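Undergrad: We have chain R; now place chain A onto it with these hints.
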Amino acid sequence: MYTIKGKTGDWELVIGLETHIEVTSNSKLFSGASADYNPSVPANTQASFVDAAMPGMLPVLNEYCVEQAIRMGLGLNAEISKRSKFARKQYFYPDLPQGYQISQPAEEPPIVGRGWVEITDDDGNPKKILIERAHLEQDAGKLKHDAHPTKSMADYNRTGVALLEIVTFLDTKNPENNSYITSPDEAEKYLRQIREIARSLGVSNANMEEGSMRADVNVSVRRVGAAEFGTRTETKNMVSFKFIKTAIEYEARRQIEIIENGGTVSQDTMHYNQDSGTTTVMRSKEDALDYRYFPDPDLLPLIIEDDLIERIRATLPELPSVRRARYMSELGLSEYDAARLTESVQISNWFESAVGDKLVRAKPIANWMISELFAHPENFVLDESIQRDESIRIIAPSDLAELVDMISENEINGKMAKDIFVKMLDGETGSPKQIADKFGLKQMSDTGAIVSAVDDVIAKNASQVEQYKSGKVGLIGFFVGQVMKATGGAANPEVVNKILKEKLG
Amino acid sequence: MNLTDLTIAEALEKLKSGEITATELTRAYLDRIEKFGDQLNCYITLTPERALADAAESDKRYAAGNPLPLDGIPIGMKDLFATRGIRTTAASHILENFTPEYESTVSQKFIDAGTVLLGKTNLDEFAMGTFSKTSFFGAPISPYQIENKLTAGGSSGGTTSAVASGLAIGGTGTDTGGSIRFPAAITGLVGMKPTYGLCSRWGCVAFASSLDTPGPIARTVDDAALLLSAMAGYDEKDSTSANAGFYVKDRLTQIGLNKLKIGVIKEFDDVEISPDMKKLFDERIEDLKKSGAEIITVSIPNILDALAAYYIIAPAEASSNLARYDGMRYGLRVEGKDLIDTYKKTRAAGFGEEVQRRMVVGTAVLSSESYEVYFMQAARVRRLIADAFNRAFEQCDLIVCPSSAGTALPLDSDLSPLEYYALDLFTVAMNLAGIPACSVPCGLAENKLPLGMQVVGRAFDDMRVLQLAKHIEEFAGLNNKPSEIMGK
Numbered sequence: 015m016y017t018i019k020g021k022t023g024d025w026e027l028v029i030g031l032e033t034h035i036e037v038t039s040n041s042k043l044f045s046g047a048s049a050d051y052n053p054s055v056p057a058n059t060q061a062s063f064v065d066a067a068m069p070g071m072l073p074v075l076n077e078y079c080v081e082q083a084i085r086m087g088l089g090l091n092a093e094i095s096k097r098s099k100f101a102r103k104q105y106f107y108p109d110l111p112q113g114y115q116i117s118q119p120a121e122e123p124p125i126v127g128r129g130w131v132e133i134t135d136d137d138g139n140p141k142k143i144l145i146e147r148a149h150l151e152q153d154a155g156k157l158k159h160d161a162h163p164t165k166s167m168a169d170y171n172r173t174g175v176a177l178l179e180i181v182t183f184l185d186t187k188n189p190e191n192n193s194y195i196t197s198p199d200e201a202e203k204y205l206r207q208i209r210e211i212a213r214s215l216g217v218s219n220a221n222m223e224e225g226s227m228r229a230d231v232n233v234s235v236r237r238v239g240a241a242e243f244g245t246r247t248e249t250k251n252m253v254s255f256k257f258i259k260t261a262i263e264y265e266a267r268r269q270i271e272i273i274e275n276g277g278t279v280s281q282d283t284m285h286y287n288q289d290s291g292t293t294t295v296m297r298s299k300e301d302a303l304d305y306r307y308f309p310d311p312d313l314l315p316l317i318i319e320d321d322l323i324e325r326i327r328a329t330l331p332e333l334p335s336v337r338r339a340r341y342m343s344e345l346g347l348s349e350y351d352a353a354r355l356t357e358s359v360q361i362s363n364w365f366e367s368a369v370g371d372k373l374v375r376a377k378p379i380a381n382w383m384i385s386e387l388f389a390h391p392e393n394f395v396l397d398e399s400i401q402r403d404e405s406i407r408i409i410a411p412s413d414l415a416e417l418v419d420m421i422s423e424n425e426i427n428g429k430m431a432k433d434i435f436v437k438m439l440d441g442e443t444g445s446p447k448q449i450a451d452k453f454g455l456k457q458m459s460d461t462g463a464i465v466s467a468v469d470d471v472i473a474k475n476a477s478q479v480e481q482y483k484s485g486k487v488g489l490i491g492f493f494v495g496q497v498m499k500a501t502g503g504a505a506n507p508e509v510v511n512k513i514l515k516e517k518l519g
Numbered sequence: 081m082n083l084t085d086l087t088i089a090e091a092l093e094k095l096k097s098g099e100i101t102a103t104e105l106t107r108a109y110l111d112r113i114e115k116f117g118d119q120l121n122c123y124i125t126l127t128p129e130r131a132l133a134d135a136a137e138s139d140k141r142y143a144a145g146n147p148l149p150l151d152g153i154p155i156g157m158k159d160l161f162a163t164r165g166i167r168t169t170a171a172s173h174i175l176e177n178f179t180p181e182y183e184s185t186v187s188q189k190f191i192d193a194g195t196v197l198l199g200k201t202n203l204d205e206f207a208m209g210t211f212s213k214t215s216f217f218g219a220p221i222s223p224y225q226i227e228n229k230l231t232a233g234g235s236s237g238g239t240t241s242a243v244a245s246g247l248a249i250g251g252t253g254t255d256t257g258g259s260i261r262f263p264a265a266i267t268g269l270v271g272m273k274p275t276y277g278l279c280s281r282w283g284c285v286a287f288a289s290s291l292d293t294p295g296p297i298a299r300t301v302d303d304a305a306l307l308l309s310a311m312a313g314y315d316e317k318d319s320t321s322a323n324a325g326f327y328v329k330d331r332l333t334q335i336g337l338n339k340l341k342i343g344v345i346k347e348f349d350d351v352e353i354s355p356d357m358k359k360l361f362d363e364r365i366e367d368l369k370k371s372g373a374e375i376i377t378v379s380i381p382n383i384l385d386a387l388a389a390y391y392i393i394a395p396a397e398a399s400s401n402l403a404r405y406d407g408m409r410y411g412l413r414v415e416g417k418d419l420i421d422t423y424k425k426t427r428a429a430g431f432g433e434e435v436q437r438r439m440v441v442g443t444a445v446l447s448s449e450s451y452e453v454y455f456m457q458a459a460r461v462r463r464l465i466a467d468a469f470n471r472a473f474e475q476c477d478l479i480v481c482p483s484s485a486g487t488a489l490p491l492d493s494d495l496s497p498l499e500y501y502a503l504d505l506f507t508v509a510m511n512l513a514g515i516p517a518c519s520v521p522c523g524l525a526e527n528k529l530p531l532g533m534q535v536v537g538r539a540f541d542d543m544r545v546l547q548l549a550k551h552i553e554e555f556a557g558l559n560n561k562p563s564e565i566m567g568k
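So the protein lines, in turn, are chains R and A.
Just add 14 to the spot in the first sequence (first one is 1) and you have the working numbering.
Just add 80 to the spot in the second sequence (first one is 1) and you have the working numbering.
Same shape as in the complex, but just chain R (with noise of 0.2 Å):
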């Protein structure tokens, strides 16, 4: 377990995670305008008359958000709300046009309610972290104050795209369970897990230096062993891992400080310094503001019915964790190679795709991939949209697939087919089999061929026959590597082997 050392003894970390990822969708969460805010767009080219809140516009409910909120919370393991609310969370600020946030407050159901991820956690083992709720709400707009000497400038590109609040759930009543996130590490790690899920299901992008992936961090430190948990303060708008794992480390030796020189710490929203890496107050819980939460008159209670439910759920795609469970079980795969190719779903489908049907291609393919393919991405495609360089010689997975089946076949050996591969890279096309007709590779399983080079071999080197024969055995990687020279490289090794051992007794 986590710890760490203070001055009066070991203290243990409570860490909440209020994690908000960018909805993917064409358009925002309330309005018709394009979802795209990215830089590149001049600023205000997507904001509607809803999204600048001009007099009478009303918001409309993104179906689509919600479908990805559902399917979100179908991949946390969640439960999903037939009827939550929208509510108003207000507050003046002049990148919140209207005046107020949108969005699912703690009084009302969310769409998402209680769920959980596994990670594993500092000893390696599984651990659960559970999850309170996720709910949509509307992102704000981006003020410039570089545009301008004196004045600051307003885009509301960005105003209303969808956030989904992913917001961890700390079971006071079932503490025993441990089922909330302890130590920086594992912070990242169940960080990592939601970003994972997200990039899966097509829910977010949940990449945290883009902006579509951002966390408030909750900390709060007690002794070993205490049965209470202590005071939290939250840190805002955290946007790297990095960044969060020295937030914590910091922000708990502070709290660990007060406390063991006699203080209390106060429920304080916090701000990061990313430069020196450490916490100041930026609210003290007395200046907490009043959002004035209530129910958007403009909107009904959002009902989902089973079948959308259940539709989504037929549509989601295995999850990368479960993925990775199937490869280890039923593949034989190592946790290490499971890991790699199931880094994102389209290295899955690429390597799924070269197994196929036939199961036992399964670990000599992951070896191809991980120690040779992946070291020339340019030679393989795992997304089909992306433009890419025609003069460039793609290794398909049917490629990979035909050159793990020669070996297997004893049709070539082991270094006739890196040469294959090599000649993919360096632009050969026609298939490995071609390739092997075309430069002649391939291997001698001929059993008379092989025994006049192995006699040969016997006769020329008579001394090493002797010295094997009293006992020094491993003198048969020298006999093996004769009868390979003579054969060109040709010879099966293992009928070499064979043959070998059977001649020298």
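Please note: incorrect hints may appear among the correct ones.
Simulated crosslink set (SDA-like; lysine to any residue; CA at most 20 Å straight-line) [claimed, not checked]:
1) R:LYS165 to A:LYS425
2) R:LYS103 to A:TYR451
3) R:LYS456 to R:PRO507
4) R:LYS103 to A:ALA459
5) R:LYS299 to A:GLU449
6) A:LYS317 to R:ASN40
7) R:LYS103 to A:THR443
8) R:LYS99 to A:MET456
9) R:LYS474 to R:LYS486
10) R:LYS165 to A:THR422
11) R:LYS165 to A:GLY407
12) R:LYS165 to A:LEU419
13) R:LYS158 to A:LEU419
14) R:LYS103 to A:ILE420
Hints were generated in silico from the structure; no laboratory data involved.
Remember, it's a predicted structure, so these values are computed and weren't measured experimentally.
TA: Okay, now just chain A, sitting in the frame of chain R:
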């Protein structure tokens, strides 16, 4: 023939027969507006060029033999409905120079029905008020006994002033707590608050979203039905819009009164109303009885709490809806020393006293310490009232009640805010319940001022509400020809 005395139904007949043209009719209204407009102050913005262009298009369609349902009918549009390219102010300084680039669904539907837009009518600022006195542009007045400067009511007082005086043949209002029915009642007009969701709110400047209901104001029930036919219908841009419609072709069909069960609300018996109102109401009840209707007493136990609930819910929603007027993107902006100062100066200068009062109240009732005791409690009362109406409608088909306690008061009456709020007593409950209610003239008081009574129905029973209102209109026999109210 006095063109501005025609009802919509009459004008449509004459337009169809070719007896008059839309341009003649429009010019008659524009002339009368020229004559009386300033005195009545019923329009904030006049659109004569647009009106004549609309009329010319109508005449072409009549000539071609393919007129639209309300082709050539000159109307006034409450200045709460966004009109593309035409200033839309909500009678507020903060939107004094705001010209939207979009057309509200309701005003678009009137364009689609072939109406002629005379102008944008005056109202209380953001529709908050009962005398239209909170308008930044000054109050409109009633054409009745014009020397007495009586209120035309509010918040849709510009439309009632215009329609009662013959400066529009009909018009639009919005009713959040009585803003169509009260002004219609005291100006001798028919004001229909349809079922919530029947008419789209899209493009209509929001006051209290869960209560705001666009509806028609006209001189006759038939005319109100014709206007409502144009306004009503599902709108995918308004999430609270109902998948329902309303359609009357030329005139309402008759509803048989025999055996019709009409409820009278018991709790309203205890409310003090003027002797005139009581007398006229009782007379109309007698008329209904004589025609075979069965009058029964129904109970809406919390109806007298409706006012309190309304004055929590409406300001709460308003405080939120009006947050967007921050001077950042459109409308008035008063520069301050920093962002917060700019917000404060802009909103202090842009909003009038009553709007500010309601926003302060609304902000307070939504604060975390007040939410449960005020807002949630009001929401519960609202539910109780809606449930009670539902139960009442298990016993009766329709309900009738007064529209107001008495006749129009002088504009300069010195009422406290609470006294103004109390004027909504008979109307707010129907907004809380979202059910249709129509105020129809029930006669003249001794002071020769009109009074109205309401017909209330269950949700989406708008047709029968108007059908019963039409009977009451006939019983009352009020002459509301503009030429006789304020001359030719």
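Undergrad: Hint by hint, say whether it matches the structure.
TA: Status of each hint after checking the structure:
At most 20 Å may separate the alpha-carbon atoms for a hinted pair to count; LYS165 of chain R and LYS425 of chain A meet this at roughly 18 Å. For the hint linking LYS103 of chain R to TYR451 of chain A, the alpha-carbon distance of about 14 Å falls within 20 Å, and the restraint holds. Between LYS456 of chain R and PRO507 of chain R the alpha-carbon distance is near 13 Å, which keeps this suggested pair within the 20 Å criterion. As the CA atoms of LYS103 of chain R and ALA459 of chain A are separated by approximately 18 Å, the hinted pair is consistent with the 20 Å bound.
In summary, the hint linking LYS299 of chain R to GLU449 of chain A is supported, as the alpha carbons are separated by about 16 Å, within the 20 Å threshold. Taking the CA atoms of LYS317 of chain A and ASN40 of chain R, the gap is near 18 Å; set against the 20 Å cutoff, the hint holds. Restraint check: the Cα-Cα separation between LYS103 of chain R and THR443 of chain A comes to about 12 Å, which is no more than 20 Å; the hinted pair holds. Of the supplied pair hints, the one linking LYS99 of chain R and MET456 of chain A holds, its CA atoms being roughly 15 Å apart against a limit of 20 Å.
Our distance criterion of 20 Å between C-alpha atoms is met by LYS474 of chain R and LYS486 of chain R, whose separation comes to about 18 Å. At most 20 Å may separate the alpha-carbon atoms for a hinted pair to count; LYS165 of chain R and THR422 of chain A meet this at roughly 13 Å. Distance hint between LYS165 of chain R and GLY407 of chain A is fulfilled; the C-alpha atoms sit about 14 Å from each other, no more than 20 Å. For the proposed pair LYS165 of chain R and LEU419 of chain A, the alpha carbon gap of about 11 Å is at most 20 Å, so the pair holds.
Between LYS158 of chain R and LEU419 of chain A the alpha-carbon distance is near 14 Å, which keeps this suggested pair within the 20 Å criterion. This hinted pair checks out: LYS103 of chain R and ILE420 of chain A have alpha carbons roughly 19 Å apart, not beyond 20 Å.
The structure agrees with every numbered hint stated previously.
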